[in-house]
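Protein chains in written order, with this note's numbering: chain A, 1 to 442; chain B, 1 to 563; chain C, 1 to 316.
No wet-lab data here; the hints were simulated from the structure. C-beta: ideal position from N, C-alpha, C; glycine also. Warning: the hint list may mix true and false statements.
Once the Cα atoms are required to be at most 27 Å apart in a straight line, the calculated DSS-like pairs of lysine-lysine come out as [claimed, not checked]:
1. 440/A x 43/B
2. 5/C x 98/C
3. 150/C x 269/B
4. 101/A x 56/B
5. 278/B x 5/C
6. 107/A x 43/B
7. 171/B x 150/C
8. 294/A x 382/A
9. 278/B x 466/B
10. 278/B x 433/A
11. 312/C x 223/C
Label pairs and their calculated CB-CB ranges [claimed, not checked]:
12. 43/B x 330/A: 32 to 42 Å
13. 15/B x 328/A: 37 to 47 Å
14. 258/B x 162/C: 28 to 38 Å
15. 408/B x 330/A: 27 to 37 Å
16. 391/A x 15/B: 52 to 62 Å
17. 446/B x 284/C: 43 to 53 Å
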Amino acid sequence: MVPTGDPTLMPYIELAADEFMKAHPGVQITVEPVPFGQMVQTALTALQNRNPDPALIIFYPSQASTFAPYLMDLRPYFNSGLFNRSDIPMSAMVSVVIISKNGTITKIFGVPFQMVFGYVLIYRKSIFDNATLQAEFKREYGFDLNPLTWSSWDQLIDAAEFLQSQHVAKYALLFPDGLQLAIFNGFLTVFYTYALNDSCAGIPADVAKGAVPTPGYWAYFSYTPSGAVNVTIGCPSFVQALRTYKRLVQFQPPIDVQAMEYDQLRDLFLTGDYAMVAAWTSFIPIYNNASVSKVAGDIAIAPLPGGRYPYGTGLAPTFIGINPYAKDPQLAAEFIEFLISPQMYKLGAEKVGFVPATISGIEVAAQTPSMSWLQPFAPLLKAGANVTDLQRLTLVNRVTNFFTDMRPYFINQVANYLRGQQDAETTQMNIYKTWLNIMKIS
Amino acid sequence: MRDKQILFLALPALIYLFALTVYPIADNALLSLYERTYEGAFKWVGLGNYLWLFQKDPYGPLIIGNTILYSVATPAISVALAVPIALALRRLGGRWLLPLMVPAFIPPVTAAMAWYLMLNPLYGLGYYLMRAGLMETNPISSVWTVVLVDVWRSLPTAVLVIYSGLRAIPKAVEEAALADGLAGPRKFIAVDLPLASPQILTAFILTALTGFFTFDPIYIGTAQAGPRILDNLAYYSYEAFSAGEFGYSAALIVVMTAIGTGLSLAYMKAFSARFFVKLPAPAWMPRREAPKALHYAVLALDLAFVFLPLGWLLLMSLKPPGEIIQIPPSVLPSRLDLTNYVQALGGGLPYFLMSIYISAINSVVTILLAAMAAYQMRVHGLGGGKLVAYILYLMSTPTLVYIVPLYLVVRGLNILNTLWALVLTYPIMTLPYGIWILYNYYSGFDRRTEEAALADGMSRLKAFAKVVIPLSRSGMGVAGLYAFLFSWGALIFPLAFTYTPYNLADPLRFSGAQTFSIYIGELMSPVAMSYGGVAATGILSAIPPLIYLIAVRRNLEKIWGAG
Amino acid sequence: MLILKDVVKTFRGFTLRVDYLEIPDGHYVVVLGPSGSGKTTLLRLIAGLERPDGGSVVLDGRDITNLPVWERDVGIVFQSYALYPHLTVFDNIAMPLKNKRLPKPEIRRRVEEIAVVLNIADQLHKYPHQLSGGQQQRVAIARALVKEPKVLLLDEPLSNLDARLRLEVRGFLKELQRRLHATVLHVTHDQEEAMALGDLLVVINNGRIEQVGPPDELYARPKSLFVFQFLGLSNLVPAKLVGLGEGLVGFRPEDVALGEGDHRAKVLREEYLGPYKLYELDFNGVRIKARAPPAAAFREGDVVQFSIDVKKALRF
């Protein structure tokens, strides 16, 4: 089962399927495309009713907890070495790992095979390469107009203010504040960088050892000394992040007029009205499609808030899991291994612009000329490889109503803040109290 | 001694309904007492889900409030607007009814999309409204916009029913009123309004159902309003189901059905208690008829209300793809571009065909079964009030309840993902409503024709087939129309029971059975990137129901004339 | 007094024409005619439910031709009674008064008064669907009378009733009219009812008034063949057969004496009606009816002699 909607995913799967069938004559692979909105229903009905098809199920992190109980445990394949653990950053695995209360891994139910980085900063080369603007900016603000050199949100906001005053585009910055999901992910991107320096949040980061987990929802939860679960909402970095977030979204139409969700981030930047956008790397092929995009060929990519640590950019892997009732699980596993092999990734990068999920894969893909923008992201991925505090990283998986109850409340509160209906402290207090009240831990 | 053949005729419909509805409903009630654990097992929580809804869920009370708001505001507004429009129709002629009926025959998702695109502050007329200062925020984020879209969709039904009621007032009573000095607005308040009360009530309950089950405007507006803000219980239960929270979803459905049944029972009670709308007619009320110009003005406003969003949708579908997302938005397309239609038809053909097949088949099946059951219920009193109550109860039960049990049945019969899966399951959606429509219709039916046929030596079966059915044509036409509409726009059943589009390479095997509604849903998902495609598909999706509407236009009024 | 002058009404290929019609006060007037004759149209023109294409309607010197229904001072009782189902009997009757803006106590008094007259005083709190057909009719009459109209119009009031009730209500209506000294215009197609009730008959056919006059005059001295044949039973034979020259001769069954006379006819059928028998005979190819005493013993197939009272015969 393959979700539709991602322009590189289906082609890559079909490519891999073709190659696999060539290498394994007699094997038949059929692709079942499913729209995003129907993924859960289609897969769940099949899994709950012990249908052998589809044998392989592709899913996203937001759906992982729903599928967790039904997919096959893949630890045997990791243990046997069919899947190379060390090549896959732990940060990319957190959604598909189930950990018992004492910290042992009890199940792994998916393998990340595609990486999407988000949010990243995508900006107009023609604007940022302009020598006059560069000189003017350096004069006024004292640092380079080059996102790859930035390391703070303040720098990004300064650049946006500058570009807005210069009227180089209708709007300087398009930042996600959409009410379905974008606001949730967008805020996290900002919060994380502050949380890294906030002892209250207790992020398990050891910069010296190069072990910085990439941002994820896990950052909202921590253990108290007695072992209970607490939320990091009450930390000072949270309020700080709220304020910065509000400044970031000031350069676009207000949230009341148009909330910037997935669709808008994709469509509005195409019009050429914006100088910068915080978007997903999966949009890159679309932005470069000259038949619909006015900014084709004019884009450059950097992590957020800039090319230097700390990074707010997170990982959004696409996972693949095995149906426990599939006719031939071993064959399915072999296909997965094929899917994440460096050779296949190289082919994918060259032919369809596919972004791999393994460290070796990223390095191989970054060598393809059309995918050279991946280079700044390799260290990001590597940093997440050595992370050890698995318990902390998977704590969020134990919160069973995280997506169903807690996220909607969070979104509405932050939206109220952005609309100016309440101040930052009230927003923080509301979320803190309600989260603690309704949290369901398994 | 009850004539066995009476029971026999109604049996197919009744067996079908009981077999396929009682178990899922009971099962759902049971399921609401469990919670799904992290590991996927079901844990008994007793009333835990209900307690959660009312006490801990931050949005529980809001969502219940929304449900009630949609179920009450929509009918109140629809009926209030329908009355002057029905009066205008009575004055200006019933031929204006046809264009006014159009919104009821637009699939709900298309209706919601049309309003969304039109009000959009960046791509739609909303842009100009904002510039003119008439609008400050994106209106699609308000619960009242949901009500607006629902009113738009349900107003035609209200107008039709109330118009029929006005026309059903006996001419003699109208003349007696004249003799008594009642004319114009005074007569309207003293005579027309009370005598049309049964139809006003009926219009109220029908439009309340639209509001109660409303889904698509919420789906579209949530992106701007925020999660849960617009939700009603129907939408929330679907969300819970999609998130795997089957126990909670079941509990929401139980609560929802309770509210819906409460509404239906209130309606039944008011109906049988011969409730009349009685307003005081103070002596200063004028007797002179309102000028025709006023009626024309009302009619013109309604026509504008009906056709603005559709017009915008049509314009959008004809614009070249790039032009749609330009700001400021153009009103008229710079040139007529059929790309959107080509794309919609090209990709959508299998879905379109499948929808036509199932809608046609299901309409026929539904009206036959419904007629057989409704006639026995109305004319021979089969099942009494309890059966009618159960039918009403089914009408306020969301189809979500049936998915899991029916999936097992469909899979067991090995017809999953084929046309037959849909043929088997669709009547659950349409049969209760069809029975209810025909039940109303048969209240004005003369049973002596059946008795004459029996006297001529026909068995009841034969009498029914040869005499009753041909005479029921107008009622069956209308019941069929609604069955067609529901089938055409259905989304939940095809989502559950199909997973690939109709395989045109092997048409007679009917394998692959995704419907047009699924196709529209796909177009609205990310990376489809075509508001134009959505608009074109929307326009296309409206065509078959509209054709059917035009075919049965003469019969529309007769259905509600009785009673 | 109600006068219709030069009234013309045309619709759907049918024209009603009344050159002059005078309805005197305090009379029970019956408008009699077959279906489609225009009698209901006549009623509706007087009521104001239709407007004439030409001519005038004058009531007590006041030209009401173009007045709306409620300003005409006429009361109407519809064939279907047309009561307001959502109002009590009291409110039904009170409706015309409410619209005249009479004070409440006055309304109450008049409604109760008329209810007593019509024998429904104990039904005032009920709803129409709770009443019998006869009671409903009386409510309709009360509603028409409560505003003390100059003319009371009755549209086929007995047609919906069964035979027994018909006789009862027939008597009731006449008594009511006498008691109130009302001017009543009663439309019907039933000639027996018309003759029994009417002080004055207006016979109408095909849109024209055939004859106006008291029942006995119309019965004994009909001015047209239509009136002759429409009222009561009649016989029409060519004058030659009875030796009276050209044309046709009409005579009533009761003016035929069976058993002796110059003419002969064959008995076809006999009907025993209680007070007398009615025989149908074949008289040289023409069928005639004759009355005979209950004891008459002619049998089917007999050839009998009979005579006609020529003084009462009519020539056409």
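Hint by hint, here is what the structure shows:
| no. | hint | result |
| --- | --- | --- |
| 1 | 440/A x 43/B | holds (14 Å) |
| 2 | 5/C x 98/C | violated (33 Å) |
| 3 | 150/C x 269/B | violated (45 Å) |
| 4 | 101/A x 56/B | holds (26 Å) |
| 5 | 278/B x 5/C | violated (43 Å) |
| 6 | 107/A x 43/B | holds (21 Å) |
| 7 | 171/B x 150/C | holds (24 Å) |
| 8 | 294/A x 382/A | violated (34 Å) |
| 9 | 278/B x 466/B | violated (44 Å) |
| 10 | 278/B x 433/A | violated (51 Å) |
| 11 | 312/C x 223/C | holds (14 Å) |
| 12 | 43/B x 330/A: 32 to 42 Å | holds (34 Å) |
| 13 | 15/B x 328/A: 37 to 47 Å | holds (43 Å) |
| 14 | 258/B x 162/C: 28 to 38 Å | violated (51 Å) |
| 15 | 408/B x 330/A: 27 to 37 Å | holds (29 Å) |
| 16 | 391/A x 15/B: 52 to 62 Å | holds (56 Å) |
| 17 | 446/B x 284/C: 43 to 53 Å | holds (49 Å) |
Checked against the numbered hints listed earlier, the structure breaks hints 2, 3, 5, 8, 9, 10, 14; every other hint is satisfied.
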